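Number of protein chains: 2
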Amino acid sequence: MTTMEILARAKAACAGAADLKAGKINEALEKMADRLIAHTPGILTANEADMAAAKEKLSSVMLDRLLLTEARIAAMAEGIRAVAKLPCPCGATLSSHRLPNGLRVRKVAVPLGVVAIIYESRPNVTSDAAALCLKSGNVCVLRSGRDAFASANAVTDALRAGLADAGLNPDFIQLVQDPSRRSASELMTAVGYVDLLIPRGGGGLIRACTENAKVPCIQTGMGICHIYVDRSADFDMALRIINNAKTSRPSVCNAEEVLLVHRDIAGVFLPKLKKMLVDDRAAEGKPAVELRLDEAAAKIIDGTPAGPADFDTEFLDYILAVRVVDGVDEAIAHINAHSTHHSEAIVTASSRNAARFSREVDSAAVYVNASTRFTDGGEFGLGCEMGISTQKLHARGPMGLRELTTYKYVISGDGQIR
Amino acid sequence: MTTMEILARAKAACAGAADLKAGKINEALEKMADRLIAHTPGILTANEADMAAAKEKLSSVMLDRLLLTEARIAAMAEGIRAVAKLPCPCGATLSSHRLPNGLRVRKVAVPLGVVAIIYESRPNVTSDAAALCLKSGNVCVLRSGRDAFASANAVTDALRAGLADAGLNPDFIQLVQDPSRRSASELMTAVGYVDLLIPRGGGGLIRACTENAKVPCIQTGMGICHIYVDRSADFDMALRIINNAKTSRPSVCNAEEVLLVHRDIAGVFLPKLKKMLVDDRAAEGKPAVELRLDEAAAKIIDGTPAGPADFDTEFLDYILAVRVVDGVDEAIAHINAHSTHHSEAIVTASSRNAARFSREVDSAAVYVNASTRFTDGGEFGLGCEMGISTQKLHARGPMGLRELTTYKYVISGDGQIR
Numbered sequence: 011m012t013t014m015e016i017l018a019r020a021k022a023a024c025a026g027a028a029d030l031k032a033g034k035i036n037e038a039l040e041k042m043a044d045r046l047i048a049h050t051p052g053i054l055t056a057n058e059a060d061m062a063a064a065k066e067k068l069s070s071v072m073l074d075r076l077l078l079t080e081a082r083i084a085a086m087a088e089g090i091r092a093v094a095k096l097p098c099p100c101g102a103t104l105s106s107h108r109l110p111n112g113l114r115v116r117k118v119a120v121p122l123g124v125v126a127i128i129y130e131s132r133p134n135v136t137s138d139a140a141a142l143c144l145k146s147g148n149v150c151v152l153r154s155g156r157d158a159f160a161s162a163n164a165v166t167d168a169l170r171a172g173l174a175d176a177g178l179n180p181d182f183i184q185l186v187q188d189p190s191r192r193s194a195s196e197l198m199t200a201v202g203y204v205d206l207l208i209p210r211g212g213g214g215l216i217r218a219c220t221e222n223a224k225v226p227c228i229q230t231g232m233g234i235c236h237i238y239v240d241r242s243a244d245f246d247m248a249l250r251i252i253n254n255a256k257t258s259r260p261s262v263c264n265a266e267e268v269l270l271v272h273r274d275i276a277g278v279f280l281p282k283l284k285k286m287l288v289d290d291r292a293a294e295g296k297p298a299v300e301l302r303l304d305e306a307a308a309k310i311i312d313g314t315p316a317g318p319a320d321f322d323t324e325f326l327d328y329i330l331a332v333r334v335v336d337g338v339d340e341a342i343a344h345i346n347a348h349s350t351h352h353s354e355a356i357v358t359a360s361s362r363n364a365a366r367f368s369r370e371v372d373s374a375a376v377y378v379n380a381s382t383r384f385t386d387g388g389e390f391g392l393g394c395e396m397g398i399s400t401q402k403l404h405a406r407g408p409m410g411l412r413e414l415t416t417y418k419y420v421i422s423g424d425g426q427i428r
Numbered sequence: 011m012t013t014m015e016i017l018a019r020a021k022a023a024c025a026g027a028a029d030l031k032a033g034k035i036n037e038a039l040e041k042m043a044d045r046l047i048a049h050t051p052g053i054l055t056a057n058e059a060d061m062a063a064a065k066e067k068l069s070s071v072m073l074d075r076l077l078l079t080e081a082r083i084a085a086m087a088e089g090i091r092a093v094a095k096l097p098c099p100c101g102a103t104l105s106s107h108r109l110p111n112g113l114r115v116r117k118v119a120v121p122l123g124v125v126a127i128i129y130e131s132r133p134n135v136t137s138d139a140a141a142l143c144l145k146s147g148n149v150c151v152l153r154s155g156r157d158a159f160a161s162a163n164a165v166t167d168a169l170r171a172g173l174a175d176a177g178l179n180p181d182f183i184q185l186v187q188d189p190s191r192r193s194a195s196e197l198m199t200a201v202g203y204v205d206l207l208i209p210r211g212g213g214g215l216i217r218a219c220t221e222n223a224k225v226p227c228i229q230t231g232m233g234i235c236h237i238y239v240d241r242s243a244d245f246d247m248a249l250r251i252i253n254n255a256k257t258s259r260p261s262v263c264n265a266e267e268v269l270l271v272h273r274d275i276a277g278v279f280l281p282k283l284k285k286m287l288v289d290d291r292a293a294e295g296k297p298a299v300e301l302r303l304d305e306a307a308a309k310i311i312d313g314t315p316a317g318p319a320d321f322d323t324e325f326l327d328y329i330l331a332v333r334v335v336d337g338v339d340e341a342i343a344h345i346n347a348h349s350t351h352h353s354e355a356i357v358t359a360s361s362r363n364a365a366r367f368s369r370e371v372d373s374a375a376v377y378v379n380a381s382t383r384f385t386d387g388g389e390f391g392l393g394c395e396m397g398i399s400t401q402k403l404h405a406r407g408p409m410g411l412r413e414l415t416t417y418k419y420v421i422s423g424d425g426q427i428r
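As you go down the protein sequences, you meet chains Y and D in turn.
Residues 11 to 428 in the working numbering are what the first sequence spells out, letter by letter.
Residues 11 to 428 in the working numbering are what the second sequence spells out, letter by letter.
Hints are computed from structural coordinates only; laboratory data are not their basis.
Among the clues, some could well be false.
Here are the computed lysine-lysine pairs in the DSS-like style, where the Cα-Cα straight-line distance is at most 25 Å [unchecked claim]:
(1) D:K117 / Y:K117
(2) D:K117 / Y:K224
(3) D:K296 / Y:K95
If you want the footprint, here are the derived chain Y segments under chain D, 3+ residues with CB under 8 Å [claimed, not checked]:
(4) 113-123
(5) 214-224
(6) 244-251
(7) 267-275
(8) 290-301
Treat the numbers as computed from the prediction; the structure is a model and nothing was measured.
C-beta atoms are modelled at their ideal positions from N, C-alpha and C, and glycine is treated no differently.
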């Protein structure tokens, strides 16, 4: 089927999806999870084909994103069941009041309609996104990256079989059958067919959407996250936070990419940093972190000289750009100029600097004395997550079910005129 | 100053605007209102020049939009004082919770940053938009239409003088000095400088934004509003509502443009409609409404045959397109295919049809037995209004102060890692 045919089917399915009762949605989600488990052998076979084709092209970090195992498929199914247990966001009356003339004005949560998601090589996005869209009464059009296409197709087949098991229209969940740039650009320009486009991926995809999207769009998932170590920081705390933010999962968007260090402590702190991220890790047989150092840092420790692009790059790898700054002012200015407005942290003992950093850093999540890795829908209490919005409109930070809805006003009267 | 210079100044002013205390904002708003009154003679002189230049080009309805009087300027000043009395939307903690590991997660309302507004020939938009942006901690860049440019400049000068009187940076409010298409397109593509673009105007402007905007954008103000008169409708109520929605102020976006009438009652209802909107108004010396009739309606009453574009046109004038439909299904289908998703009404005695219409019509405001003219921030209890959003993302329907903000998460800990 062509992408436009898929979009036409999605549009036609919207009214049906919006009309679903919570019980029916949850029944379908359980059946989708059942089917995912039942289809495990076929999904693994498809994933092996994807992995074989990608082996030469992708880094080990990216291959790990692509890999499915029985345990990971089980986790995807559990993820769907967890969504079933959340409250349905639609139909709720958000506010209601009566005007002096007797008119009753109700603000009601309603689905957006057709939600299109362009993503890359993580097959679990297929099931996560589909479950969240169904739960919020939306119809989804999924566009997987080419590297994960066979896996995404196998997962989608399972989910659609689950919808059919529940007696629902399988077109509530569709996968674009053309994983090329052409289909991405068709989705970006499908005015009247796509109510919300969510690109989940790297800088190239985000820029392509900014440049070309004519449909409403939320930019997610690109994280050039900063940690600033202030003069008054507890060094052990700072090291623990940096170690976690940089090395616990470098391929994710809330991982640290840039470290800013106060000039007054750089001489003592940076050698400790190098020992932890480079020497100790190498000794333990773990991948060492490559440090890309600005001039001042390079005078203190060994590393790679930072090029001009290194402070504007989402490495998603064991690489950390390091810059020495004069204080919280320069840190805030650097972050506001270079960050992707995702997550930034300050490590400090100064409540004044913590307050300034929290107020003036213009990012979705601002941390005081904690790891940037906490930016996550589950951690933030949303119960789930469609992605991390790095824009200011509609949703910022982790997007849960509520962020996949809009509202309408329903006004009832008995002949009122103005 | 060039538009890009204005944008650079706006960006530089953001941190200052976001940092303002409520008391200071309200003091500045009062001084802006004082200055507007004090500058009345100069503003009227500028407006006379605009009116003289526009006299040949604009319809009487559009000229009325452009006209300023002492009373209208006083109303603009009162509008600013009313904004001063509303609560400030920023700084509020929207939600807060503590994670099991002790992290405190706060969701805090914050300004968007630079809000750019492209509008047409209503000089009062200049003061309304500036007041709402300041109140919500945003910096505004106003781009008036050419027809109202002298008036907008005079109003902006007064507002900036008010900011200076309060000791604030006048760059919180700036007017683009080039009222041509070029500056509109500069605003649409100023990625990194414009946090939100609000086009307030007709179809051409909205389409230009959909096609060209690369910055986040909210489409407002285009209203092809429908009223559907169901078989069971109370005719007197229907006529009263239509008369109000069509003739009380035809130049506004919540005025009715299209009437749909159930086939079973069209033979009785349409002659009453024609008597009210055409014959009686002509007899009273009021402008008669031109009826553009589909084939079925044209067999019942006299009028202009409707052309294919008449059901997709925002007339903003004493013109009403009329179509006969088979029932609520056809009415809903027609509306969802032709409306701008602004405001639609059903007149009916059937609670079943009212419920279906409310649920299935995909518009910002859906009315049962009331005039579409109520779609308004003041009427909806928002206290004010920046425009009526006809899109689903971020804000739908009347946009008040809250809709001019975003939020950030501020997370405080004592060294937590994930």
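To see whether the hints hold, each was checked on the structure:
A threshold of 25 Å between alpha carbons decides the hint, and for K117 of chain D with K117 of chain Y the separation of about 22 Å falls inside it, so the pair holds. Of the pairs offered as hints, the one joining K117 of chain D and K224 of chain Y is violated, with about 30 Å between alpha carbons and a cut-off of 25 Å exceeded. For the hint pairing K296 of chain D with K95 of chain Y, the CA-to-CA distance comes to about 61 Å; that exceeds 25 Å, so the pair is violated. Residues of the stretch 113-123 of chain Y lying with their CB closer than 8 Å to a CB of chain D number 4, which satisfies the three-residue condition for coverage.
Note: the stretch 214-224 of chain Y has 3 residues with beta-carbon separation from chain D under 8 Å; the three-residue rule is met and the coverage holds. With 4 residues bearing a CB less than 8 Å from a CB of chain D, the stretch 244-251 of chain Y meets the requirement of three and the coverage assertion stands. Remark: the stretch 267-275 of chain Y is not confirmed as covered by chain D, as 0 of its residues place a Cβ nearer than 8 Å to a Cβ of that chain, below the required three. As drawn, the stretch 290-301 of chain Y meets chain D at 0 residues by the rule of a beta-carbon pair under 8 Å; below three, the given contact is violated.
In the structure shown, a violation is registered for the earlier hints numbered 2, 3, 7, 8, in ascending order.
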